[in-house]
Each structure stands twice: as structure tokens, then as C-alpha cells.
Amino acid sequence: MVAIKSVLVKLTTLGSIIALCHPVHGSAGTLPEERADALYHSYDGGGVKVDGPSVLVRKNLGNSTSVYGNYYVDHVSSASIDVVTQGSPYQEEREEKSVGVNYLKGDVTMNLAYTHSAESDYTANSANFKISQDMFGDLSTISLGYARGWDTVQKNGQPDFSESVSRNNYQLELSQILTKNALLGVSFEAVTDEGYLNNPYRSARYLDPSKPLGYSFEPEIYPRTHTSSAVTVQARYYLPYRAALHGEFRVYGDSWGVKAHNAQIDYTHPAGNGWTFELRYRMYSQTAADFYSDLFPRLSSQNFLARDKELSTMTNHTAGVGVSYEFTQRAWRYIDKGSLNLYYDHIEFDYADYRDISVADGAGDEPLYQFSADVIRLYLSLWY
Amino acid sequence: MNRRFHNGILLISACLIVTACGMEPWVKPYERAHLADPIMSGERNPVADAYMRHVYQAREGARGAEGGGGGGCGCN
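These protein sequence lines are chains A and B, in that order. FYI, the working numbering numbers position 98 of the first sequence as 98, with every residue one higher than the one before it. FYI, the working numbering numbers position 29 of the second sequence as 29, with every residue one higher than the one before it.
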């Protein structure tokens, strides 16, 4: 917490520097577009199927205020490797509601938002505030953000189990016009969590020669604090024949010993008559947490124990395609234009120290786990 | 590592900002037609992009600086 407070003080100092050197001029920022989006999303991979709708509506109130609301649902049907080997397949639903307001005054945009997410055994709330300032003839935009989250963790089948988590996010972003055709963005985010950070259903595995398979399970134990930093650099470039190239790179490190990086490149190609095509590739790589092991040497071998595959050494690769059709429809009374969009992504996950124990092959000699997932996004957008 | 990392980032950001204080805009407002084209917008697909961030957040150890609002997603 002390480190994060120190970061907050420095962010405030940086904000003061910005305010002191900001030249006064009369140009203005802009509010987000008035639009509505209705999305159907589907994820299918590793024995997990998640699908559902997401609806976002944004509306201006006068010339300086924009309000929005988002309703999102996950219908989850899970028979993942964790569930198959340590529990029973289950179905559940997660519902998320968000509301927010953007306020524009001169070169400054402020955003205030609140999100509530609920499922049978987890409730998450977060409030965030962000302030953005256009500077230097609107060549640069700098943003400072803070989000506060408070969650309640429960466990199905144990009504008296209830734990809490508090979260703090600190964000600093810079968007910069480089040339007539190029934009650069740099963002930094520090996150600190405190509370019950385990998944209450998951277990760690340890060697147990007395068992036929050679191992047993014990409850995971995570540290009760987690602090992380991430920096992303991204660039967009306008190609001469009206196409766009986007690339980004992120580095990440946290107090649990996870180090990660990911890189992404996107190509957007308008083909005329309202059609736009997109191609995308993303790679992600991380090291394991300090207290992660696929197979601990004995019961209670260390203070903290984790066997979550999300904390293991892993890589994944995503290849995606998208197509959009935009139509102008002045015959509809309140609609200026709309677009119909379909995106498909294929993700391959490979784990370097997480084994597939659904295959009995001697403790610690099971094959390394890997799986692939298909992600579909189909949505209609309307501008009014 | 984190403290040095934070200090470095903040120092670089402050230097960039202070240096830029004395600059004239080198891309004039009337030269920004390409940058204003919707295909150059990072917020062209707000709902679809937020969904992909959620897909990765739930399955990867890294978090933050993805461009979203931040805060808990209830996906542990």
C-alpha cells in the first residue's frame, strides 16, 4: 500500500506539472459518439462455453455531457480441466451492469463510472474516475485515472463462507499525434488488491505415495496482497490507400513474480461500398508465480500454494478476422447510420508447467496441458 | 524493481511533457483528416473490444493498461 500511495503522490505531482506548463488556448475536446451497440458473444474452448449479450447505449445531454449504460451477461457452462479433475461440471450466469457519465469542459474531459457484477458466488463492484486534458494544440492528450473495487467472494454449498477483496487501480495515459498519419499511445497502470485472492474451489497438488495415482490435493493458499504494474505502447498508422495498421506491446510485472509481455498487430482495410475487413494477430507469454507448482513435494510444503493455470508458465497465440458492413439509413427516423459486424478469433493456449492430470501417467509425468478456443463476436451498431 | 520502474516511467513522462511545453503544433488542425478517419479510432468497437479484454483477463496472469476503465471483473 505504501508503494501505491507513493505512486499516487507522484501522479498528483505529475498532474501539477501538466497544469503548470499547459498553455491556455481555445480548442475543445469532443464527447464520444451517440450510439447503441448490441453484441452477441461466444467463447468455446477447454471444455468451457460462455455466451450471452452485451448492450451499450450512449446519449448526449446538451453539448457537454454524455451518459451511457451497459448490460452484459455471461452464460457459463464449464467442464474445464480444473472442474473435471477436482469437481463437477456446472452452469452459472454472471450479470454485469455499468453506468457512466462523461463531462466535457474546454480541453478537459471527465469520466465517472460505476460497474456492478453478480454471479452466484462472486459479487464485484467498481467505481472509476478519469480526467483527460488535450494539450499543445491538441497534439497530446494526457489522462489520469483511478478505480476503486470492492468484491465479495462466496462459495456455493457453504453459505457461511464470505470473504472480501478491495482493489485500487491507478492509470496514466498519453496519446500523441506524431505525424499527419501516425498516432502514438503510452499507458501505465498500477493495480493493488488486498483480501481473499484465491479461487475457493481450486486445490494444489502434492506428491503422496500412499495414493494409487501418487498424489493428493490440498487447499490453495494465496498471499492476501497483490500489486502489479503494466505499461503499453501502441501506435496507429494511416496507410495511403485508406487502410489502418495498429500495433501494440505491453510489459507486465507483479509482486507474485509473474512477468508477462504481449504484442498485437491489426490491419483494417475498407473495401468500398460500406465493407471493412480486419486481420489480427496477438501473442502473449508469462512466467509462473513464485508460489506456483504443478506438483508440490509434500503436504504444506510452503506458506503459499497455487496450481491455477493462470499463474503457470504459459503462452498463447490469437489469430482473428473481422468483417463489417456499414449502411446509411436516412429512411429511419432517428438513425443516421448503422453497421453489422462479425469477428472470429482462434486462440491456442500452451502451458509449460501445468500438466493434464485427466491422463493418468504417473505423478509429474502427465502430458503438458494445451487447448484451443474459438471466440465469436456478432454485433449491430446504430448511430443517432 | 517496481519502485525503480515507477520512478523511471514518471520521470520520462514528466520530461516529455515539460519538453513539449514550448512546442508549436507540428501537425496543424487542417492536416488531421487522416487521423480523424473512423478507421484510425481506438474506440471504434467499444463493446466488442471490452469483451476481448475480458476474455484475456480471465485466462492470463497479466492485467492493466489494456485501455479499459479498470476495476474488478469478478473473474477469478
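In case anyone wonders, no lab produced these hints; they're calculated from the structure. Be a bit skeptical, because a hint or two may be false.
Stated by the list, open to error - Which stretches of chain A does chain B cover? Using the computed rule of at least three CB atoms under 8 Å from a CB of chain B, they are: (1) 101-110; (2) 132-140; (3) 221-230.
Glycine included, every Cβ here is placed at the ideal spot set by N, Cα and C.
> Checking C-beta pairs, does the stretch 101-110 of chain A have three or more residues closer than 8 Å to chain B?
Replying inline: violated (count 0)
> Quick check: the stretch 221-230 of chain A, covered by chain B? Criterion 3+ residues, Cβ under 8 Å.
Replying inline: holds (count 4)
> For the stretch 132-140 of chain A, do at least 3 residues have a Cβ located nearer than 8 Å to some Cβ of chain B?
Replying inline: It holds, with 6 qualifying residues against the three required.
Violation of the numbered hints given earlier is confined to hint 1; every other hint is satisfied by the structure.
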